[in-house]
Amino acid sequence: MAFSSRLLSKSKQLCGNPIILLQQNAIPVRYFAKEATPQALKGDEMLKNVFLDVKKKFETALGILRKEKITIAPEDPAAVTQYAKVMKTIREKADLFSESQRIEHTIKTRTEGIADARTYLLTLKEIRIKRGLDDELGAEAMMMDALEKVEKELKKRLMRDDKKGMALLMAEFDKVNQKLGIRKVDLPKYEEQLELKIAKGQLEELKKDALEAMETQKKREEFKDEQMVDVKSLDIRNFL
Numbered sequence: 031m032a033f034s035s036r037l038l039s040k041s042k043q044l045c046g047n048p049i050i051l052l053q054q055n056a057i058p059v060r061y062f063a064k065e066a067t068p069q070a071l072k073g074d075e076m077l078k079n080v081f082l083d084v085k086k087k088f089e090t091a092l093g094i095l096r097k098e099k100i101t102i103a104p105e106d107p108a109a110v111t112q113y114a115k116v117m118k119t120i121r122e123k124a125d126l127f128s129e130s131q132r133i134e135h136t137i138k139t140r141t142e143g144i145a146d147a148r149t150y151l152l153t154l155k156e157i158r159i160k161r162g163l164d165d166e167l168g169a170e171a172m173m174m175d176a177l178e179k180v181e182k183e184l185k186k187r188l189m190r191d192d193k194k195g196m197a198l199l200m201a202e203f204d205k206v207n208q209k210l211g212i213r214k215v216d217l218p219k220y221e222e223q224l225e226l227k228i229a230k231g232q233l234e235e236l237k238k239d240a241l242e243a244m245e246t247q248k249k250r251e252e253f254k255d256e257q258m259v260d261v262k263s264l265d266i267r268n269f270l
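In terms of the working numbering, the sequence shown is numbered consecutively and its last residue is 270.
Since the hints were derived computationally from the structure, they do not count as laboratory data.
Keep in mind that a hint or two might mislead.
[To be verified] In silico lysine to aspartate or glutamate, EDC-like type, Cα no more than 20 Å apart, as pairs:
hint, residue 1, residue 2
1, K138, D191
2, K193, E142
3, K237, E75
4, K118, E142
5, K227, E245
6, K227, E89
7, K99, D216
8, K219, D164
9, K205, D175
10, K214, E166
11, K78, D125
12, K227, D164
[Said to hold, decoys possible] With beta-carbon atoms standing in for the labels, derived distance ranges:
hint, residue 1, residue 2, range
13, D146, E245, 14 to 24 Å
14, K214, L152, 35 to 45 Å
15, L152, P107, 34 to 44 Å
Just so it is clear, CB atoms sit at the ideal spot from N, CA and C, and this is done for glycine as well.
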């Protein structure tokens, strides 16, 4: 139970591919669940529903973890792949976000209402940094250069409701993607790579925690043995 809970708590964001962020315009945003418009609820009732929903998801995840075998070996690609598959099963059964879905949802909520393209791209950069994602390819700088080019051509700030201007920007983004060797059809592959990186990072954290726990237990046992030896070496006559 404790180990399963520890697995579920590992959600540290690691280095990933920023293209998931930067190509959000071309990616359909997937929601956390199939949601209907919620009815107005009183505070207590809303909290109760949230608690029951979280409890249900948690129990679903624990049930899967009890059945699945997980090898804490981040250095073993097979173990990382297996762990990633288990976590994917948990997300599907418990109706949870994948990391890329979480990023896409964050983008949708954070950028809603942003009128101009520059602020939009800067917001994407903030999201990337806060989520601990590295721009290994230098894609952001290239995207900003593309925006500079379009705005220079338009001789004005590019607004997101400017269909002609945005079409020019998307065409420039396509050139950037082509230069970087990125294709829309490969997005599922990038998502899988991101999930594997996260899975490996989580296993590394779990392994570190397990080794620390073993070391702590070992020290406790050594201390206990020393205390027992000290007690046995006492001369009972000293207390008479």
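Tested hints:
{"no.": "1", "hint": "K138 x D191", "verdict": "16 Å, holds"}
{"no.": "2", "hint": "K193 x E142", "verdict": "17 Å, holds"}
{"no.": "3", "hint": "K237 x E75", "verdict": "40 Å, violated"}
{"no.": "4", "hint": "K118 x E142", "verdict": "28 Å, violated"}
{"no.": "5", "hint": "K227 x E245", "verdict": "27 Å, violated"}
{"no.": "6", "hint": "K227 x E89", "verdict": "26 Å, violated"}
{"no.": "7", "hint": "K99 x D216", "verdict": "30 Å, violated"}
{"no.": "8", "hint": "K219 x D164", "verdict": "17 Å, holds"}
{"no.": "9", "hint": "K205 x D175", "verdict": "12 Å, holds"}
{"no.": "10", "hint": "K214 x E166", "verdict": "18 Å, holds"}
{"no.": "11", "hint": "K78 x D125", "verdict": "19 Å, holds"}
{"no.": "12", "hint": "K227 x D164", "verdict": "12 Å, holds"}
{"no.": "13", "hint": "D146 x E245: 14 to 24 Å", "verdict": "54 Å, violated"}
{"no.": "14", "hint": "K214 x L152: 35 to 45 Å", "verdict": "24 Å, violated"}
{"no.": "15", "hint": "L152 x P107: 34 to 44 Å", "verdict": "37 Å, holds"}
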